[in-house]
Amino acid sequence: GESVGLHLPTLSVQEGDNSIINCAYSNSASDYFIWYKQESGKGPQFIIDIRSNMDKRQGQRVTVLLNKTVKHLSLQIAATQPGDSAVYFCADQAAGNKLTFGGGTRVLVKP
Amino acid sequence: DAGVIQSPRHEVTEMGQEVTLRCKPISGHNSLFWYRQTMMRGLELLIYFNNNVPIDDSGMPEDRFSAKMPNASFSTLKIQPSEPRDSAVYFCASSFRTAQETQYFGPGTRLLVL
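Residue numbers (this note's numbering), protein chains in the order written: chain A, 9 to 119; chain B, 35 to 148.
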């Protein structure tokens with residue numbers, strides 16, 4: 009992922025709506041991608057991952073889409089709930105290299 | 035499963051003091067990672083162990099930082115002497131076999147160096 013330093017993008021979403029969080033990565037050799045959720049005062053929590061031989065993977069209420077052509081990753085959350093409020097990080101990794109985290113996106117769910 | 039365990043959860047110390055952070059990875063996991071999180075730099079990998087052996091320590095800031103993994107169930111990250119710029123949240127994570135698998139994070143240690 010690409011770090012954005014101090015500025016943390018924020019996505020405000022109405023409860024029940026779908027959320028889409030976007031992430032760009034820079035390493036064209038990356039072949040493993042992962043999304044983490046971090047709630048206040050807690051460590052990052054695994055949500056879903058995808059390898060480069062796939063372009064879509066679904067979990068429970070979440071879908072990750074991978075576009076290797078433009079080096080773009082997205083996380084879709086269906087029927088967003090108040091418990092989804094958190095900071096979401098994407099991370100990418102090339103074989104033999106360390107996981108590189110993006111700067112994160114804050115999701116605020118409005119009741 | 036208890037997950038990754040870190041201690042202490044909070045540490046406040048004075049500049050120049052030694053700080054030791056502790057981590058117990060998930061049982062059966064062979065890889066262990068230490069990360070630092072700050073607002074300015076986000077999440078940064080400090081060091082990565084596999085089968086108790088340091089594999090990549092390129093993220094360790096300087097000689098003041100050292101990490102050890104004496105056995106499969108315990109690791110320490112030591113800062114000596116500590117400086118105010120070391121204030122951050124330090125996370126330990128573990129994965130089953132290698133670095134290219136899901137990493138499970140502990141709750142973190144929030145360090146404040148005055």
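Calculated from the structure, these hints are not laboratory results. Given the structure is predicted, the values throughout are model-derived calculations rather than measurements. The reader is advised that the hints may include incorrect statements.
[Said to hold, decoys possible] Straight-line Cα separation of at most 30 Å, DSS-like style, residue types lysine-lysine; simulated pairs:
1. A/K106 with A/K118
2. A/K106 with B/K112
3. B/K58 with A/K79
4. A/K106 with A/K79
5. A/K64 with A/K79
6. B/K112 with B/K102
7. B/K112 with A/K50
8. A/K118 with B/K58
9. B/K58 with A/K50
10. A/K106 with B/K58
[What the hints assert, rightly or not] Covered stretches of chain B (chain A as the covering partner; in silico rule of three or more C-beta atoms under 8 Å from a C-beta of chain A):
11. 79-93
12. 126-139
[To be verified] Simulated restraints, written as ranges between beta carbons of each label pair:
13. A/N35 with B/P95: 32 to 42 Å
14. B/E48 with A/A32: 39 to 49 Å
15. B/T136 with A/A32: 14 to 24 Å
16. B/P118 with A/L19: 29 to 39 Å
From the three backbone atoms N, C-alpha and C, an ideal C-beta is built for every residue, glycine too.
Hint check: A/K106 vs A/K79, CA-CA at most 30 Å. Holds or violated?
holds, 18 Å
With a cut-off of 30 Å on the C-alpha distance, tell me whether A/K106 and B/K112 pass.
holds, 21 Å
Within 30 Å, alpha carbon to alpha carbon, are B/K58 and A/K79?
violated, 35 Å
Verdict for B/E48, A/A32 (Cβ pair) under range 39 to 49 Å
holds, 41 Å
Check the hint pairing A/K118 with B/K58 against an upper bound of 30 Å on the C-alpha distance.
violated, 37 Å
Holds or violated: the 14 to 24 Å window for the beta-carbon distance between B/T136 and A/A32?
holds, 22 Å
Are B/K58 and A/K50 close enough, with their CA atoms no more than 30 Å apart?
Satisfied, since the Cα-Cα distance of roughly 16 Å is no more than 30 Å.
Is the distance from the Cβ of A/N35 to the Cβ of B/P95 consistent with 32 to 42 Å?
violated, 23 Å
Tell me if the straight-line CA distance from A/K106 to A/K118 falls inside 30 Å.
violated, 36 Å
Given that the segment 126-139 of chain B was listed as covered by chain A, double-check it with a C-beta distance under 8 Å for 3 or more residues.
Answer holds; 7 residues pass the 8 Å Cβ test.
Does the alpha-carbon distance linking A/K106 and B/K58 stay inside the 30 Å limit?
Status holds; Cα separation ~21 Å.
For a C-alpha distance cap of 30 Å, please report whether B/K112 and B/K102 respect it.
holds, 8 Å
Violated hints, in rising order: 1, 3, 8 and 13; the structure is consistent with all others.
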